[in-house]
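Knowing the structure of chain A, use the given hints to seat chain B on it.
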Amino acid sequence: MPYLGSEDAVRELRRALSNPNVQSDQLRYRNTVLKAIRAMSQGVDVSDLFSEMVKACATVDIVQKKLVYVFLCSYATLNPELSLLVINTLRKDCQDPNPMVRSLALRNMTNLRLPSLVEYVEQPLAAGLRDRAACVRRVAVLGWAKLHNLQPDAEIDAAVVNELYGLLRDPDPVVMVNCLRALEEILKKEGGVAINKPITHHLLNRLKESDVWGQCEVLRILQRYHPQSEDELFDILSLLDASLVSPHPPVMAATLGLFLGLCSGLPAVSLAALERVRGPLLAACGSTSRETRFTALCHIQLLLRSLPGLMGAHYKRFFCGYAEPAYIKQRKMQVLVELVNDENVAMLLDELKGYCTDVNPETAQAAISAIGRIGRSYSDRCLEILTGLLGLKQEHITSAVVQTMCDLVWVCPQCSDTVCSALEGCEEMLQDSQGRQALLWLLAAYGERVSSAPYTLEGFIDRVRSEASLGVKMELLTTTMRLFLCRPSETQDMLGRLLHYCIEEEMDMCVRDQALLYYRLLHCGIEETHKVLHGQRSDPSLGVLIGRPAEPINQWAYSFNTLEPLRQAGFHQVGWGASVHSHFQISPEMFNRVQVRALAGPLKDIHRVVPKPLLCYLGCVLRFVQSALEHVFIQDVSVHCCIHLSLNPD
Amino acid sequence: MIGGLFIYNHKGEVLISRVYRNDIGRGGGASAGPMGGRRNAVDAFRVNVIHARQQIRSPVTNIARTSFFHVKRSNIWLAAVTKQNVNATMVFEFLYKMCDVMSAYFGKISEENVKNNFVLIYELLDEILDFGYPQNSETGALKTFITQQGIKSQTKEEQTQITSQVTGQIGWRREGIKYRRNELFLDVLESVNLLMSPQGQVLSAHVSGRVVMKSYLSGMPECKFGMNDKIVIDKQGKGGISEEGAKSGKQSIAIDDCTFHQCVRLSKFDSERSISFIPPDGDYELMRYRTTKDIILPFRVIPLVREVGRTKLEVKVVIKSNFKSSLLAQKIEVRIPTPLNTSGVQVICMKGKAKYKASENAIVWKVKRMAGMKESQISAEIELLPTNDKKKWARPPISMNFEVPFAPSGLKVRYLKVFEPKLNYSDQDVIKWVRYIGRSGIYETRC
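Sequences listed follow chains A and B, in order.
Under the UniProt record's numbering, the first residue of the first sequence carries the number 1, and numbering increases by one thereafter.
Under the UniProt record's numbering, the first residue of the second sequence carries the number 1, and numbering increases by one thereafter.
Take the hints with a grain of salt, since some may be wrong.
As the list claims (entries may be wrong) - PhoX-like, lysine-lysine: derived pairs with alpha carbons at most 25 Å apart: (1) B/Lys331 - B/Lys355; (2) B/Lys353 - B/Lys316; (3) B/Lys115 - A/Lys66; (4) B/Lys230 - B/Lys417; (5) B/Lys115 - A/Lys35; (6) B/Lys11 - B/Lys108; (7) B/Lys97 - B/Lys143; (8) A/Lys208 - B/Lys97; (9) B/Lys72 - B/Lys83; (10) B/Lys355 - B/Lys312; (11) A/Lys35 - A/Lys55; (12) B/Lys316 - B/Lys357; (13) B/Lys115 - B/Lys72; (14) B/Lys83 - A/Lys189; (15) A/Lys393 - B/Lys312; (16) B/Lys366 - B/Lys324; (17) B/Lys422 - B/Lys224; (18) B/Lys268 - B/Lys235; (19) B/Lys366 - B/Lys316; (20) B/Lys97 - A/Lys66; (21) B/Lys432 - B/Lys268; (22) B/Lys353 - B/Lys368; (23) A/Lys208 - B/Lys268; (24) B/Lys293 - A/Lys316; (25) B/Lys143 - A/Lys66; (26) B/Lys374 - B/Lys353; (27) B/Lys143 - A/Lys208; (28) A/Lys208 - B/Lys224; (29) B/Lys331 - B/Lys108; (30) B/Lys11 - A/Lys35; (31) B/Lys320 - B/Lys374; (32) B/Lys178 - B/Lys422; (33) B/Lys324 - B/Lys412; (34) A/Lys188 - B/Lys83.
Quick caveat, the hints were computed from the structure, so don't treat them as lab data.
So here's chain A without its partners, still in its complex pose:
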């Protein structure tokens, strides 16, 4: 435990540091400083040693100097007055003949992060810009950015800015790139560095000299440039062609980003660029480091939104390895779903089937729902696999299969026969609430065709007292009501029991309210109930949501090569196109039964029913639901609007 006895340790260190015998022996002095730094990195509060450390700073030993600077930079904000003493030593070091000492002093002077010291730092920094050693210039340039960061509201010194612009022509490539970085930060309010024709051409010509990091930076900043003529544009593009197929993934991605930005008016050129990066992108997908693989996959998903056919022939590259982490497997499956065509569908489904028995339940579920997605176009083959999976009799697989079937039937009503026959006997295997909810929904929709439906429901109703999930209870109510409408003789008794329990004993407001609503609805007569519960099917209009046209590249070009494609978007990735703002990726599954109900219901249960990740998109979803209510979700939503009214009678 580093925290115990730390006071003694600090006292001892202080005694050692101020001992003249130690101070005279360079090696012992350095070792004592080293001990202090070690204590610091272990979490001991050694800030009391500050004044001793300031003294230790005045030494010729570079190692000791570096150690002391590490200490000072961490604790300077606590001791602004004492830090003033260090400045003198640092300024003296800035005159040292050794360029390394000069750059070290300058860097640490700016790293102290004390606004009160700014006036002392400016002069050495200005001198540093004109130093003959490149490593000092590198530090000085960034130092100005740090100063600006300390006092963002202070006035910008035009002379410094001019000098920085001048240093863009420095022979050292790192100085050049650092100038870009510094100007970008200092001139943030004015929109960053001014990128005009001479600067652009200069940067492009020297691009090859800088390292990977520098190239990425330059390419990113050049995105703001607008070529004056088409000829100039094509000159730039042909100059950048080599870096487009660069073997370094960051450079390749940055170049592609620049291409997409420059060619926003020329879709044909962007498409050609995308074709050209296919090779390097696929190579990045097979890279040995998993993080690179993951980012490459995320970006491929982005590209596929505009060019679904881009990777079609290379689908085998997206087969999962056994030992790959779950996050890569799931992304790969999402890509595979996009690549399905008539030739490869058999092979792909065979592969996905293998993943369904993965050790990680989340991966298995992702595989099953991927099969469900493919089922929208190849329903027969997929249903065969899904029903086969039910035979494995495993809880998490059965649950995922039932949920997937539920989504599939909603989109392709023609599959309902197979689904109905598959449902028999799987209720024992369903343990989690999501799966049971899906089963109940299916029973509600196709109750008249599943012969055992009333018995299944009876089981649920008998256990309703011990039921923990709110969603299941709500679903159970609706299902029983709807089954009652088509098979009244078998269900009348249990409906009565359920309504009685929900109204008299249930503690949850939502359930009780819904039960009351149904009770009153039944009072209005069977005709009226029928009208509300068996309204027009919403399926035909879903075609809009499913048949997703290829998006124009501009939709996502701005987010290419940033963090955005890496974020986990909802559960599944389905681009939405025009109807919702494009970077919210929302799937139709999100609007199905449960979620729509939750959204239309009183707000408090949204937190419970809608899974967490959804909450951030809630605003957007609500807006969408409002506009789409009348067309899409007539059947389910009509019921829940009523609930809403019943809660707020006025």
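Just chain B, lined up with the frame of chain A:
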């Protein structure tokens, strides 16, 4: 740009923390000390990622508008933190580079090594990143800025070296190197990756290779490296060398993509496809490449799994070596996974030693040496405990490890020439050593 870099051990204790920008962790809560602010960010990562119960969802985690990029090396976590919408590929690339630099200094990245070298790491972090921007990440060039090995303060001579280092054009080699014997070692290291279906169909195969060199050459020599790259051979083929290629079948290989050490003149590579460079001194990696076509798969694995009733499993695995019979493969290891409810295993193998390792749920079959064009087999009877767990056994793939003395991609070094115009030693005087090693990467056959 990167706001901060943290290094944790597997328990989530912070070993190194370096903050480059004020915005990291300063946002939330009343920060008590200088560490107080950054502790927030540090703790957030520990609680949400290292100590999280479920599996890692993504290598990038967002907590309170701060993004944490992490990479794991053995049981050490490296995390780069930023508040800006940065270029993710670059941050990961940087973390890899950071790992490379650290292992170049102190070998394996382990908790002990990190603890022992923390001063060096702080020093490195100071040089590599400034204000969160990557500055100087070449190990060779860094050596002059880092004091940790050379404890003495510098002499006059070294100081002038720094100046030339810092202002000069060649950042990876210093002037005035001298050796009595001029030697060059060249290793072609490849790893073959394979995924094969039970029927013997290749689902995916690729070779990722590296050309690693060790050079002890005096002065500023200029080297030229030639290999049987298809594009070059085809170009020369027009000149009349193609008969040689036709004689022994496959002579040239198609390289899918390659990266070079910064010393290689890329412009020359682009225009003439020739690899010329001034080598760094000592160890370095000249190039990395990847091929996917015409790979020589050194071994075929033919699995046969038969389930006899509910409590018995019969497994037979044949391995065939597929290379010249004069060559010897080494360190062959075949790992045959067994179900979780295995109670006993009987193994018979023709060659080598086989053992059932209950803790790893696998039969491990080791063969020390095996010549080319040979065949060997193992058969095992696995007894299972009857369980009421209806979970079907997922049948993980059979994996294999080996080492062969040739390059599975077919790459051959055609020449490596050294020119040093200023000092008088010629290409013939340099002693050159070339070695090929092919290892298995992920070499799996499904069963």
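Hints, verified against the model:
no. : hint                : verdict
1   : B/Lys331 - B/Lys355 : holds, 15 Å
2   : B/Lys353 - B/Lys316 : holds, 15 Å
3   : B/Lys115 - A/Lys66  : holds, 18 Å
4   : B/Lys230 - B/Lys417 : holds, 20 Å
5   : B/Lys115 - A/Lys35  : holds, 13 Å
6   : B/Lys11 - B/Lys108  : holds, 19 Å
7   : B/Lys97 - B/Lys143  : holds, 15 Å
8   : A/Lys208 - B/Lys97  : holds, 20 Å
9   : B/Lys72 - B/Lys83   : holds, 21 Å
10  : B/Lys355 - B/Lys312 : holds, 18 Å
11  : A/Lys35 - A/Lys55   : holds, 16 Å
12  : B/Lys316 - B/Lys357 : holds, 17 Å
13  : B/Lys115 - B/Lys72  : holds, 17 Å
14  : B/Lys83 - A/Lys189  : holds, 18 Å
15  : A/Lys393 - B/Lys312 : holds, 21 Å
16  : B/Lys366 - B/Lys324 : holds, 21 Å
17  : B/Lys422 - B/Lys224 : holds, 17 Å
18  : B/Lys268 - B/Lys235 : holds, 15 Å
19  : B/Lys366 - B/Lys316 : holds, 15 Å
20  : B/Lys97 - A/Lys66   : holds, 23 Å
21  : B/Lys432 - B/Lys268 : holds, 24 Å
22  : B/Lys353 - B/Lys368 : holds, 9 Å
23  : A/Lys208 - B/Lys268 : holds, 13 Å
24  : B/Lys293 - A/Lys316 : holds, 14 Å
25  : B/Lys143 - A/Lys66  : holds, 15 Å
26  : B/Lys374 - B/Lys353 : holds, 17 Å
27  : B/Lys143 - A/Lys208 : holds, 24 Å
28  : A/Lys208 - B/Lys224 : holds, 21 Å
29  : B/Lys331 - B/Lys108 : holds, 23 Å
30  : B/Lys11 - A/Lys35   : holds, 24 Å
31  : B/Lys320 - B/Lys374 : holds, 6 Å
32  : B/Lys178 - B/Lys422 : holds, 13 Å
33  : B/Lys324 - B/Lys412 : holds, 16 Å
34  : A/Lys188 - B/Lys83  : holds, 16 Å
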